[in-house]
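S.K.: Next come the chains, spelled out residue by residue.
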Amino acid sequence: MKCTVCREPACIDLRRHNSNFCSEHFLKFCRDQTARAISDHQMINPGDRVLVAVSGGKDSLALWDILLGLGYEADGLYIGLGITDYSDISKEYAQTFAASRGAKLIEVDVPDTYGYDIPNGSKAARRAPCSACGLSKRHIFDSVALEGGYAVVVTGHNLDDEAAVLFGNVIHWHTEYLGRQAPVLEAREGFPKKAKPLVRLGEREMAAYCVLADIDYMVDECPMSAGNKHLRYKEALNMIEEQSPGTKADFYHGFLRSAADRFTDLVEEGRSALGQCQHCGSPSPAEVCAFCRLVERAGGQRIELTTKGETHS
Amino acid sequence: MIVRLRNPSRELTINGPMSVTKLLNRLELNRESVLLIRNKTLVPGDDMLADTDEIEIRPVISGGFGS
Ligand code: SF4
Ligand SMILES: [Zn+2]
Ligand SMILES: [Zn+2]
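So the protein sequences, as listed, match chains V and D.
The opening position of the first sequence corresponds to residue 1 in my numbering, with each subsequent residue numbered one higher.
The opening position of the second sequence corresponds to residue 314 in my numbering, with each subsequent residue numbered one higher.
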């Protein structure tokens, strides 16, 4: 097998692109695909300061590396969720990467800052762990981005993630969620702009990027993810992809091209009714926002966030 | 060859030589869901694995959907 670009021995085949790549040209392919997603969807404008949501896993570390490589001013934000060893080890991967690139990593620890952790707090609040976790992370991304004056928050969601979420939303016809699947959500009162620059790259490609770019990442799964229905959707899509390469990309990017528009009005309707949370000031349809309610039910304390960025160099 | 797998973490000894694709088929693994790593680099599907190789088969599918 030879590299499609240089004819040297290839180390990875990408059947959906009908291409094989050597290490050097594969890394370039990933940077090019990311740059194309950024420009196609106007994710980041020249001069924008970017906040990368970093988990210590393959997607977010690869994304951070690619953005730095493309010359963006990109800081990382690591959120400690108090998920036993998993959180401690993930944080080390994020810190080690930041130090190796001389990049700035902001750290917010949920147990230290808000007094609850995801495994126990979600139980006390009677929410699924991933739902409590997602709500916490979104609130913290938003506050840190707004306080720090970042133009955009980027996350490491890849093509497989987005295709699986789309699959779930289509199966159950969650039309209001379909309106929010665009890879860019513009800023609005109280919310920063958000973007997913990896939507042109698959999960296998992101793991391959880390191996070839020599990035150590958290390979083991979060213990809370077991039995997650999105995992089953991913497996189902991969069974089709194995027989028909390109299916996942057609499904997701075809949706963006041909159908996503039809659902965005539903999102706008839902938005008009937002007031402000009386505790934290975040936009909220109720007097107290979902995050502040979670903190209360999880047995934590509400604290206004003040972040101290640490520069690792 | 020695093959390391994860989730759960385990080690198998398999007689080589054998192509990557054949090994994945034999372990009933979907090639979309794993990477095959030898000496810190990736091994493509048509490469032969020698009897003396040490290999990691790394899953690439993550399950968390909190954000
Ligand atoms: S799997 Fe769920 S609980 Fe674990 S980090 Fe991801 S969203 Fe949070
Ligand atoms: Zn090449
Ligand atoms: Zn609030």
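I should point out that these hints are in silico values taken from the structure, not numbers from a laboratory.
For glycine and all other residues, C-beta sits at the position ideal for the given N, C-alpha and C.
Hints should not be assumed to be uniformly reliable.
Claimed, not checked - Residues from chain V that keep clear of chain D, each with C-beta distances beyond 12 Å, as calculated:
hint, residue
1, Ser55
2, Gly57
3, Leu68
4, Cys222
5, Gly227
6, Glu242
7, Asp265
8, Arg297
Stated by the list, open to error - Where chain D lies over chain V, by a calculated footprint (3+ residues, C-beta under 8 Å):
hint, stretch
9, 11–24
10, 200–207
11, 213–221
12, 234–240
S.K.: Residue count check for the stretch 234–240 of chain V against chain D: does it reach three with CB-CB under 8 Å?
M.R.: The restraint on the stretch 234–240 of chain V holds, since 4 of its residues have a Cβ under 8 Å from chain D and three suffice.
S.K.: Is the Cβ of Asp265 (chain V) farther than 12 Å from every Cβ of chain D?
M.R.: holds, 24 Å
S.K.: For Ser55 (chain V), which was marked as not at the interface, is the minimum beta-carbon distance to chain D over 12 Å?
M.R.: With a cut-off of 12 Å, Ser55 (chain V) comes too close to chain D, as the shortest Cβ separation is near 8 Å.
S.K.: How does the coverage statement for the stretch 11–24 of chain V fare against chain D, requiring three or more residues with Cβ below 8 Å from a Cβ of that chain?
M.R.: holds (count 5)
S.K.: Mind checking, does the stretch 213–221 of chain V have 3 or more residues with a CB under 8 Å from chain D?
M.R.: Satisfied; 4 residues make the cut.
S.K.: Minimum C-beta separation from Gly227 (chain V) to chain D exceeding 12 Å: can you confirm that?
M.R.: violated, 9 Å
S.K.: Would the least Cβ to Cβ distance between Arg297 (chain V) and chain D come out above 12 Å?
M.R.: Non-interface label stands for Arg297 (chain V): nearest chain D Cβ at 17 Å, farther than 12 Å.
S.K.: Taking the minimum C-beta separation from Leu68 (chain V) to chain D, is that value above 12 Å?
M.R.: Given a closest Cβ separation of 22 Å, the condition holds.
S.K.: May I ask you to check that Glu242 (chain V) keeps its beta-carbon over 12 Å from the closest beta-carbon of chain D?
M.R.: Check fails; 6 Å does not lie beyond 12 Å.
S.K.: Check, residue by residue, whether the stretch 200–207 of chain V contains three or more positions whose beta-carbon lies closer than 8 Å to a beta-carbon of chain D, and give the verdict.
M.R.: holds (count 5)
S.K.: Minimum Cβ separation between Gly57 (chain V) and chain D greater than 12 Å?
M.R.: violated, 6 Å
S.K.: So Cys222 (chain V) supposedly isn't at the interface. Is its beta-carbon more than 12 Å from every beta-carbon in chain D?
M.R.: The claim is violated: Cys222 (chain V) sits with its nearest Cβ about 5 Å from chain D, within 12 Å.
The structure fails hints 1, 2, 4, 5 and 6 (numbered hints given earlier, in ascending order).
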